[in-house]
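I would like the entire structure built from these sequences, with the hints used as guidance.
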Amino acid sequence: MDLPRVDSLSRRVTLRVALAVLVFVLLLPAAYAAVNPQSLELGAGTVEEPAAETTYVSVQGFHFAGYGKPKKPARLVAADGNGSVAWRFDGEEVGARWFYDIDPTADGDLFVTSTYEGGTVVFEYDTATEAVEWRHDMPGRLDTHDATRLSEDRILVAHMRNTRNGVSDDRLYVENTTTGDAEWEWLFREHYPNGTDGGFDADWTHVNDVDVVGPDDGYVLASPRNFDQVILVDRSDSDIVMRLGRDNDHGTLFEQHNPDYLERDDGTPVILVSDSENDRIVEYERDCAGADPRLGADTPPESCEWELVWSVGGFNWPRDADRLPNGNTLVTDTLNHRVVEITPEGEVVWEFYAAWAPYDAERGEKGSNGPTMADHGTTGSYTVSGGGDGGPAARYHVADAIADFGSYTPVEGTFDGLATRYSHIEPWFRPVWMGSWAFLSAVLGVLLAVGWGLGEALSRRERLATAITSRRGD
Numbered sequence: 001m002d003l004p005r006v007d008s009l010s011r012r013v014t015l016r017v018a019l020a021v022l023v024f025v026l027l028l029p030a031a032y033a034a035v036n037p038q039s040l041e042l043g044a045g046t047v048e049e050p051a052a053e054t055t056y057v058s059v060q061g062f063h064f065a066g067y068g069k070p071k072k073p074a075r076l077v078a079a080d081g082n083g084s085v086a087w088r089f090d091g092e093e094v095g096a097r098w099f100y101d102i103d104p105t106a107d108g109d110l111f112v113t114s115t116y117e118g119g120t121v122v123f124e125y126d127t128a129t130e131a132v133e134w135r136h137d138m139p140g141r142l143d144t145h146d147a148t149r150l151s152e153d154r155i156l157v158a159h160m161r162n163t164r165n166g167v168s169d170d171r172l173y174v175e176n177t178t179t180g181d182a183e184w185e186w187l188f189r190e191h192y193p194n195g196t197d198g199g200f201d202a203d204w205t206h207v208n209d210v211d212v213v214g215p216d217d218g219y220v221l222a223s224p225r226n227f228d229q230v231i232l233v234d235r236s237d238s239d240i241v242m243r244l245g246r247d248n249d250h251g252t253l254f255e256q257h258n259p260d261y262l263e264r265d266d267g268t269p270v271i272l273v274s275d276s277e278n279d280r281i282v283e284y285e286r287d288c289a290g291a292d293p294r295l296g297a298d299t300p301p302e303s304c305e306w307e308l309v310w311s312v313g314g315f316n317w318p319r320d321a322d323r324l325p326n327g328n329t330l331v332t333d334t335l336n337h338r339v340v341e342i343t344p345e346g347e348v349v350w351e352f353y354a355a356w357a358p359y360d361a362e363r364g365e366k367g368s369n370g371p372t373m374a375d376h377g378t379t380g381s382y383t384v385s386g387g388g389d390g391g392p393a394a395r396y397h398v399a400d401a402i403a404d405f406g407s408y409t410p411v412e413g414t415f416d417g418l419a420t421r422y423s424h425i426e427p428w429f430r431p432v433w434m435g436s437w438a439f440l441s442a443v444l445g446v447l448l449a450v451g452w453g454l455g456e457a458l459s460r461r462e463r464l465a466t467a468i469t470s471r472r473g474d
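Reminder that position 337 of the sequence shown reads as 337 in the working numbering, one-by-one numbering, no gaps.
There may be inaccurate statements among the hints.
Unchecked claim - Derived CB-CB ranges, DEER-like:
1. G95 <-> P193: 37 to 45 Å
2. P73 <-> D107: 24 to 32 Å
3. D265 <-> D298: 17 to 25 Å
4. P410 <-> P73: 45 to 53 Å
5. T129 <-> E345: 38 to 46 Å
6. P50 <-> E345: 14 to 22 Å
7. T409 <-> R135: 53 to 61 Å
8. E92 <-> W452: 39 to 47 Å
9. D416 <-> E302: 29 to 37 Å
10. D107 <-> E183: 21 to 29 Å
11. R135 <-> E49: 35 to 43 Å
12. G198 <-> R135: 31 to 39 Å
What the hints contain is simulated information worked out from the structure, not anything from laboratory work.
Owing to the predicted nature of the structure, the values given are computational and were not obtained by experimental measurement.
For each residue, glycine too, the CB sits at the ideal point set by N, CA and C.
Shown next, in the form of structure tokens:
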């Protein structure tokens, strides 16, 4: 045999063996994670202080843009004081594919906002009998994230993705569930420049939360997520009387979720909100200089500023935060697939794993029913700590490496943005039981294997073509 041909064959064999070994090494961490999963699907994490009441969790059950594995199930889950599952309710029982906001009612039930393909269904769930006792369907109300039941036959709805003929009709409105009529309506395009957030599109405001606050429920608190702000609307004249944040001011809020309105003992307005894209929980106080900041004082939004008095970072896309009577905060840490109770200093004292993508968590009365941080006596900025394996903030993820790679360089901001985006996209594809680095390794292994296979097919294309031609000739 010709010596150069032998050398060439030897090199090809060596290369194939090396590629096979590399693919095996890259896929090995994922295989190990499959038999040694990192986290629970549903169940207790770290519980240092058992909760005195049941915690209710709505689980969205994500599915990224229609790709990948079949959609994960939407469900409601009740966790007891020690973080054990007390009961669970699957969305398919009401035809729902996604669960969003949940509100405890005065009689101990849950008012749930959920969606199906093409519409929204709200229902009241009896936590004692574990049965649906009332429901109202809204066909065509696409992807509604929140509705609030005002009375037996009236609900307040945050209606997003309501664009027709290129014009957004995103709105807040009160619907009479008996007649189907809108008793009150507030259109965003009548109060914002139509070019806000780049102009009308299929999801202009993404208004994801709506609640009534103040005396006689006279004000509406809303969260137009894509506008990076929280607003308070006077129902009597439809004016925006308070505004926290502004479009593209990502240092204040960045695509937030589920704000709660609180007041200090002296009446100063306070907003507690999940600053989702900034991966933190924040609390702001209204400061109107010499003017009266209190609700009902008619001090216009442009005369006031909001002061950041407390924040806890280190979460991954948190979407709900409620202040508890003991001064702790219940946080839905969505892309870490868990709900945690944290102290004012950010320490996890109660943890419940809730895959996949929990949206809202409630314990006790609806929303926040505890003190502001100023009245509690704890202000400042903290990082979440504790929880399983020391907590997600204590782990070194791929996103951390991306950010570190750009540190102290002229493109540091670009790499920080890339790291944030990666951390928010990765969990939609990564199995919940697999770690960040194992997932990256698996992706690289699969890409290498596919590239190798394509390369082999390309290098043998003439032989394959000859074989195909010969078979056709036979």
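Range hint 29 to 37 Å: satisfied by the CB atoms of D416 and E302?
Given a distance of about 31 Å, which is inside 29 to 37 Å, the answer is holds.
Given the hint of 14 to 22 Å, check if P50 and E345 actually sit that far apart at their C-beta atoms.
Holds - the Cβ-Cβ distance for P50 and E345, about 20 Å, lies within 14 to 22 Å.
Return holds or violated for the Cβ distance of G198 and R135 against the range 31 to 39 Å.
With a Cβ separation near 37 Å, G198 and R135 satisfy 31 to 39 Å, so the hint holds.
Is 39 to 47 Å respected by the C-beta to C-beta distance linking E92 and W452?
About 41 Å separates the Cβ atoms of E92 and W452, which means 39 to 47 Å holds.
Has the hinted range 45 to 53 Å been met by the Cβ atoms of P410 and P73?
Distance hint for P410, P73 holds at roughly 46 Å.
Within 37 to 45 Å or not, the Cβ separation of G95 and P193?
holds, 38 Å
Could one say that the CB atoms of P73 and D107 fall in the range 24 to 32 Å?
Given range 24 to 32 Å: holds, Cβ gap about 27 Å.
T129 paired with E345, Cβ distance criterion 38 to 46 Å:
holds, 40 Å
Just to be sure I understand the hint, the distance between the Cβ atoms of D265 and D298 should be within 17 to 25 Å; is that true here?
holds, 22 Å
Just tell me: holds or violated, for the beta carbon distance of R135 and E49 against 35 to 43 Å?
holds, 36 Å
Note whether the CB distance of T409 and R135 lies within 53 to 61 Å or breaks it.
Between T409 and R135, where Cβ atoms are some 55 Å apart, the hint holds.
Cβ separation of D107 and E183, checked against the hinted range 21 to 29 Å:
With a Cβ separation near 24 Å, D107 and E183 satisfy 21 to 29 Å, so the hint holds.
Hint compliance for this structure: no hint is broken.
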